[in-house]
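Using the supplied hints, reconstruct the complex from the two chains, each of which is provided in its own coordinate frame.
Chains A and B, in that order, give the protein sequences.
Heads up: the first sequence begins at 1 in the numbering used here, then just goes up one per residue.
Heads up: the second sequence begins at 1 in the numbering used here, then just goes up one per residue.
Possibly wrong hints are sitting among the right ones.
Just some of the chain A residues that point at chain B, by a computed CB distance under 7 Å [what the hints assert, rightly or not]: (1) L43; (2) N59; (3) F60; (4) F64; (5) E102.
These aren't lab readings, by the way, just hints derived from the structure by calculation.
All of these numbers come straight from a predicted model, not from anything done at the bench.
For glycine and all other residues, C-beta sits at the position ideal for the given N, C-alpha and C.
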Amino acid sequence: KAGVTQTPRYLIKTRGQQVTLSCSPISGHRSVSWYQQTPGQGLQFLFEYFSETQRNKGNFPGRFSGRQFSNSRSEMNVSTLELGDSALYLCASSLIQGMTGELFFGEGSRLTVL
Amino acid sequence: QKEVEQNSGPLSVPEGAIASLNCTYSDRVSQSFFWYRQYSGKSPELIMSIYSNGDKEDGRFTAQLNKASQYVSLLIRDSQPSDSATYLCAVRGGATNKLIFGTGTLLAVQP
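One chain only, chain B, in its complex shape (with noise of 0.2 Å):
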């Protein structure tokens, strides 16, 4: 089992629609979560940064964390096409406390 699932997707929604990404992690003792961007041969930057239980809201984008369930999402309102990128899950701690990323979900908002 990997240590932060993803789905590879593509996930194609239309323009204006709310994105839903999710990820899933296998150690649970993790106590921060973090998701990233990564626009085609660009680095990776950070969006959205988690740490409790519940919602967690900056513009269009909400993070959720459900720790019971290991489990940590992504909805992004109103998608645009410059939304369009790949989105990567991290979590710290656990264990080793190491930064684990997920492979990433492409996402491709059509205009």
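Chain A extracted, bound-state conformation (with noise of 0.2 Å):
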């Protein structure tokens, strides 16, 4: 059973610049989050999607949006990107939404802004 896969795993962006991330989750799972993982702030939630809708979103401003489409798969963007930006970017798929905290996390897109 493959596993969660997200893409780009590594990409370089300029300050302004905007990223698109992809995530497929696990097949049958119908719930993706993304975290956000600095080394000093740790893993910093930023949206869980469930049937195609956003169900809970993190403190994050609004440069910072999100969608899932009919398949599961989803996507996150970040526009006029910031140096702070720099961080790995997980996906966390799971079978179903809600009290459970039983994630499946992608390898992760390190994203660098300079």
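Below is the structure:
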């Protein structure tokens, strides 16, 4: 059974640009969550999607957005990149949404903003 | 106050000893509690979940939950060098129902 797939794995952008990250969940999983991981802040919650609807949102500015498609694949977008957006962006999928915390993480997309 | 707090460590224990990792959370109505392990350069992986007060054992791992004290712990018996990793506490439920992670405790098991 294939795991969570994130693309691209690595990318370098400059300030002011925008970036789109993609996540394909485990087959049959309908919930996708996104986290930002940095050495100082740890794993910070960005969004949670289920059945194409955003169910939860973290405390990030509006430059961070996301969506989920009918096949459960998800994308997140960061516009007007800032140096502080450099981080590992992790996507995780789960079978259902809500009270479970049993997330399966992808390998992440490492974003460097210059 | 952070929603989920962990001592960043490093926590160093000799091989074969018991490693004790602790976590406190601020939202009293939180209902689900999880421990993830993250090896350096890898993604987090779930190792334990606990939903009710008391102890839950799985092999060498025991999770302990005390909702009155808003405290979760993970005990690793017979620690092995392969247990060296960052252990992340995660809490779901409460007012927002978000899954919130602590910043993790780095465990180093010395051979």
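Worksheet item: Which numbered hints are broken by the structure, listed smallest first?
Response: Violated hints (numbers, rising): 2, 3 and 4; every other hint is consistent with the structure.
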